[in-house]
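Asker: Using the sequences and the hints, build the whole thing.
So the sequence lines, in the order shown, correspond to chains A and B.
For the first sequence, the residue numbers in this note's numbering are 1 to 190.
For the second sequence, the residue numbers in this note's numbering are 1 to 101.
If you are wondering where the hints come from, they were derived from the structure by calculation, not from laboratory data.
Backbone N, C-alpha and C fix where the C-beta goes; we use that ideal spot for every residue, glycine too.
Hints should not be assumed to be uniformly reliable.
[To be verified] Simulated DEER-style distance windows between Cβ atoms:
1. B:Arg86 with A:Leu63: 28 to 36 Å
2. B:Ala90 with A:Ser4: 46 to 54 Å
3. A:Ile157 with B:Val87: 18 to 26 Å
4. B:Val87 with A:Glu146: 52 to 60 Å
5. B:Arg98 with A:Val20: 36 to 44 Å
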Amino acid sequence: MSRSLLVDLAFYILSAGAVVSAWLVFRTDSMVRAAYWLLVSFVAVGGVLVLLSAEFLGLVLVLMMAGEMTIMAVFMVMFMMNPAGLNPMTMVHQHRAAVGAGLVAFAGLAGVGLVADFPDRAAPSDAPATAELGTELLGDSMLVFETAGVTLLATMIGAIAIASRRGRYGDADAGSLPPELEAPAPKARA
Amino acid sequence: MTLEGLLVVAAALFGVGVYGALSQQTFVMIMMGLELMINGAILAAVALWAMSAGGTPKGQLLAVVAMTVMAVEAAVGFALIVGVYRVRKADMTEKLKRLRG
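Answerer: Dropping the structure here:
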């Protein structure tokens, strides 16, 4: 079997797996299983990225998603009712409109992909793409890299500020609860 | 493995993500839909880089930016879920009739 045939076979298997597991995310009863189906979808897409000789991005995607889906599964168990999927459930609203919107999005984007005339300059398969990407990230495109880093730092600070129970000026939910009708009893002095 | 095939797969992932984000009621499932959409976008960006842009390393930066967006979305989304749950004891969109405070 030639190499390109193997690549084609792997591409078909991985892309079918990515789409089918993405669909199963919204079909399964168990939310924890949904998180892991989403991880399967991301791993398959990471495999396709490796086939496209973007090994670095593919592995980063898989690593990131492995951590994130674990956190997501923990969130499911903590917050959601019925996380184990013991009862069948469909928790959807506006189902028909959502299916329609998904189909329209798919048809429109796939139509653009099939009809549009993209330049046909495939990357040479023997180029050291990862080394070139590293040089680019720490060279000409360092501003992009640094901006992404600072954005992530700001996100971490913002997420902690949103999620923390007590801020510098009192409880985080102060002002968002309805006021008591009677004044609370005075606290005993410690 | 053609560019058209890759773009169709990316469009399918995006479409499934649109369906999930619009139809699900649970906050975490909505976030899964959003992540599927970004997944499709990453696949399309890398496919165009590898098959159409001649493999200049700048082409992969779009995928790096999309991954950053995905991480930001996940972190802020989880923080908002925690905050909403703490104040309203809500884990579904239907329980949030008011957006106020």
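Asker: How does the Cβ-Cβ distance of Arg98 of chain B and Val20 of chain A compare with 36 to 44 Å: does it lie in that range?
Answerer: For Val20 of chain A against Arg98 of chain B, whose Cβ atoms are near 39 Å apart, the range 36 to 44 Å holds.
Asker: In this structure, is the beta-carbon distance linking Ile157 of chain A and Val87 of chain B contained in 18 to 26 Å?
Answerer: holds (21 Å)
Asker: For the pair Val87 of chain B and Glu146 of chain A, does the Cβ-Cβ distance stay inside 52 to 60 Å?
Answerer: Violated, at about 35 Å.
Asker: Should the hint that Arg86 of chain B and Leu63 of chain A are 28 to 36 Å apart at their CB atoms be regarded as holding?
Answerer: holds (30 Å)
Asker: Taking the CB of Ala90 of chain B and the CB of Ser4 of chain A, does the distance hold inside 46 to 54 Å?
Answerer: holds (52 Å)
In terms of the numbered hints stated before, the structure departs from hint 4 and from no other.
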